[in-house]
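Using our numbering, the first residue of the sequence shown is number 118, and each one after it goes up by one.
Do not take every clue at face value.
[Stated by the list, open to error] Per label pair, the in silico range of CB-to-CB distance:
1. Ile144 to Gly180: 16 to 26 angstroms
2. Gly200 to Lys124: 14 to 24 angstroms
3. Lys152 to Gln178: 14 to 24 angstroms
Bear in mind the hints are in silico, worked out from the structure with no lab data behind them.
Fair warning: this is a prediction, and the values are worked out from it, not measured in the lab.
Even for Gly, the Cβ is constructed at its ideal location relative to N, Cα and C.
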Amino acid sequence: MAMKFEKKGDGTYLLDVCGYVCPHPQIYAKKSLEKMSEGDIVEIILDNPSSVETIAQMCDQVGHDVMDKKTEGGKIYLKIKKG
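Model the full structure from these sequences, guided by the hints.
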């Protein structure tokens with residue numbers, strides 16, 4: 118189990134935190150967003166439902182936009198635009 122943060126393309130990133138429980142997904146999401154530029158987009162893949170709400174709350178507090186959320190095959194996909 119290893120956290121994976123990688124650039125997918127120009128201004129788009131992928132953060133995979135499957136297998137991690139609170140508070141690790143939030144910490145990795147925050148650190149990843151800090152490395153990105155305003156307007157960049159990250160897709161976060163996780164499998165801990167309680168982390169989804171915590172990450173969404175963090176985004177609201179600091180001005181990031183949760184653009185999309187979907188669940189597929191036991192994994193949750195969040196698409197966040199850095200504000």
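(request) With 14 to 24 angstroms as the target window, see if Lys152 and Gln178 comply at their CB atoms. (result) At 18 angstroms between Cβs, range holds.
(request) Given the range 16 to 26 angstroms, decide if the beta-carbon distance of Ile144 to Gly180 lies inside it. (result) 19 angstroms, holds
(request) Look at the Cβ atoms of Gly200 and Lys124 and judge whether their distance stays inside 14 to 24 angstroms. (result) 19 angstroms, holds
Comparing the model with each earlier hint shows no violations; every hint is respected.
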